[in-house]
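J.: What follows is the residue order along each chain.
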Amino acid sequence: MTAMLNIKDLRAYYGQVQALHGLSFSLNEGSLTTLLGANGAGKTTTLRAICNMVRSTGAIEFEGKSLSGKSTENVVRLGIAHVPQGRGTFTTMTVEENLQLGAITRSDSKNIAGDIERMYGHFPVLKERHTQQAGTLSGGEQQMLAVARALMLRPRLMLLDEPSFGLAPLIVRDLFKILGKINREDKVTILVVEQNAQLALELADQAYVIETGRIVMSGDAKDIATNEDVRKSYLGY
Amino acid sequence: MELFTNQVLAGIATGAIYACMALAVVMIFQAIDHLNFAQGEMAMFSTFISWQLMQWGIPYWWAFLITLIISFAGGILIERLLFKPLAKAPILTNVAGFIALFAIVNSVAGLIWDFTIKQYPTPFGSSPFLGSQLISTHQAGMIGVTVLLLIALYLFFQFTRIGLAMRAAASLPESARLVGINTSWMIALGWGMASAIGAIAGILIAPVVFLEPNMMGGVLIYGFAAAVLGGLSSPLGAVVGGFLVGVFENLAGTYIPGVGNELKLPIALALIITVLVVKPAGLLGRPIVKRV
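Protein chains in written order, with the numbering used here: chain Y, 1 to 237; chain F, 1001 to 1292.
You can trust all of the hints, since none of them are fake.
Coverage of chain F stretches by chain Y, computed from C-beta distances (three or more under 8 Å per stretch; other residues unrestricted):
id, region
1, 1165 to 1173
2, 1178 to 1186
Some chain Y residues flagged as far from chain F (calculated, every beta-carbon gap over 12 Å):
id, residue
3, T2
4, A59
5, L170
6, I178
7, L179
8, V216
9, T226
Simulated from the structure, these hints should not be mistaken for laboratory data.
Virtual Cβ for every residue (Gly too), placed ideally from N, Cα, C.
The shape of chain F in the complex, shown without the other chains (with noise of 0.2 Å):
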């Protein structure tokens, strides 16, 4: 019983990171109609950047915000200079500028900072948290800075009128035009939001992971599957999608016999797969009616 709690409770702290990148995912699906292939690398390059700050000796969230103010900025001026002047380019256009991308950013990281595998510190520290074994007070961070992030986000878009300008933009942007909100800024703004939630995401799982470029490949592939899982069109699917992948990944990982670690990742498509064989929508995301 203590091995199931064990793997659970690991598995909500990755399916944190999970539902960060399933969330940016969203968002820029949301505004744009494409995946951003490149989120994962995005975020690589956005922990990269705050890892070279606190190499110059910057305090751990100072570091921290500094670089979510860069990421979100950066996530704007890729909009603006890449994926504007796309907008209305077809989609294997827009196909090829995400693979351009992710190829890009992570050949820059390996020429600025190299292959080799570098730790990452976490400010939570790696005991036990709150005396038990079940759970490290890193995990338990990972948990408590998403659930912060996701409270914020709902806030956001619930509660100000940029929010609900951004949902308008994103579900009906020749309405949201009508009522004068100029949608193309919502886009560029979603995107630097995006970048920034991978920013956190990077962050919180490089203690994990280490900090090296190619090590967002298979988170990006998980939060892939929880935004399939939860649904596309749904930003809280995809966090939902998000914590369930984690905790199904560890405890396939626990039971399934001859899975272990290796298999994994396989697991994450297969789910890819199932999902949109069975349930095109996901679970929380509308199939798309219209009204004739």
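Chain Y with its partners taken away, still in its complex shape (with noise of 0.2 Å):
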């Protein structure tokens, strides 16, 4: 397997204050990695600096290319999406127009509608409150929608920041099931990024972790997950 995201020393910094210490790892195309870590360890800013929103050195090349000096939108462009913490959902727009933007730069026109159905079928919620305002979903909806936003770009990487956050137990299994099918069927590389380090390393199969922006440890999820030090050390639980 060849590595689709390679990423090289990278140092973060927000103002004065850096938040990423020489940070390097790669992600397998077609993998499912997580990246696990306490809160402030640099896992959210790891993400927005592939996405360059924040001030960043070091190298990240994606598929050969590199993605330093790229705004935000021409990194997406080339087919990596992100699904922020938040969700990042256009409150005052419907369901149905939130899943058009997630398209909104692509050519092909006329297979959006076909994706939007794909979307519902993914997410059949989704269609039933297709022509609700987004801000009116509960926040595992929001949460489902912000995924099929990415999906409607069809990308080649999908990256997503605590999906779990603020979910009920059972919506977040629903949730990872449903990413796990779509990285088997739609072919998608998948980063992410999680709290919840458990039920995050039941899914993925690879995993990092990363410590005060750092990565301390990599390996097989499998292994991380049945490995007694890592577990009381970094994933306390």
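Please dock the two separately framed chains into a single complex, following the hints provided.
T.: Structure, rendered in structure tokens:
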């Protein structure tokens, strides 16, 4: 397998504060990888650095192309969909408009209606609510909408920032099942940042553990899940 | 009763112009969170351009169309040259930028076309509309053109992809970038459209207030009043506010003793203050609510 995303010596800054201290990792094409760590470890910053939403140095390569200096919208146009923390829902627009926005950069407008139907297949509740303002959806429904919106890009790589945040455990399980299905069936490479380590490790095949802006552990998700030391020190369960 | 109907209809006609100005102000406010104090001066300059084109012998509607295109490009140019570099600057820097733009546009217009008052033609004529004494054909034309403009804008924002992208960029810039929208160009496009809408307002009102560099001063204040009344976050509110302010202004001038023409403008300002105190979000605006 070839590495789809290669990150070397990534350092990111918020003003004078350095949040990432030389982070390196890579994602294989077709993999489902999770990035774990405590609050403030730098998980969100890593995702934001990939999409150039925070000032950073170091090398980020996606399918052989360097992402440094590319604006956020141009990174997205390469096929990287980012579901941000807080979901980024366009709350004043309808569910269907949110989905259309996900496909706004696509030139194959004929296929967009079909893709929207596919999303309704993944998430039937969105079909029921397709004319509603997205702000009226529940948290779980908004998270589904955010994932569906990201998929409307037909991304090669999908970045998810704490999709389980604020959701009931049953809803999280459903959501993760669908993520696994999207990964297998639609061949979308997925990087998911999570605080819910147990669940994320069940879902993922690769895992990285991040602490104060550095990768401190990496390997098969199964091995990391069963490693007592890792569990106690970093994952806290 | 006829006086009342007459004043209401005349109010709707000038209200249409306020609605256009308010809409232009709201479009830029939505995009960059600043009030464009120079919106009226930009509209005045556009009106002068159309007048100049007609002086050169170009027919009214061609001059109208060419002016819209020039105004659209000019709006984009102003955004690229002046306000894009100020995007991350503090609010007062932006305010200074708008005031500078106001003064520059005003003086340049005076320099090129001087400050004498000029007649401006109307393609609609000024005879009574459909034989009725209540409203003139030009007033009916003002209302008609504005309604057509509003319908076109509605269709554009509701049913085109670029309209959808512009709405997304204005409501949540970061999410818009994350679906691949070039928000910076959407802002520039908003400036271009606001500038063209202002041009329409200027051209329509010029036969009424006459053409001169300060023609839009009062109109813009009514436009601000309309935008504040309807809610700065709501284009629909701006339009509704425009018509309400137009009618209110006329009725107050006619029926409240002692108001007359001289006190109409202070009434608009009083309206701004009242709305800001009583209902800051305006009639149709959304108070900012965040999910936590």
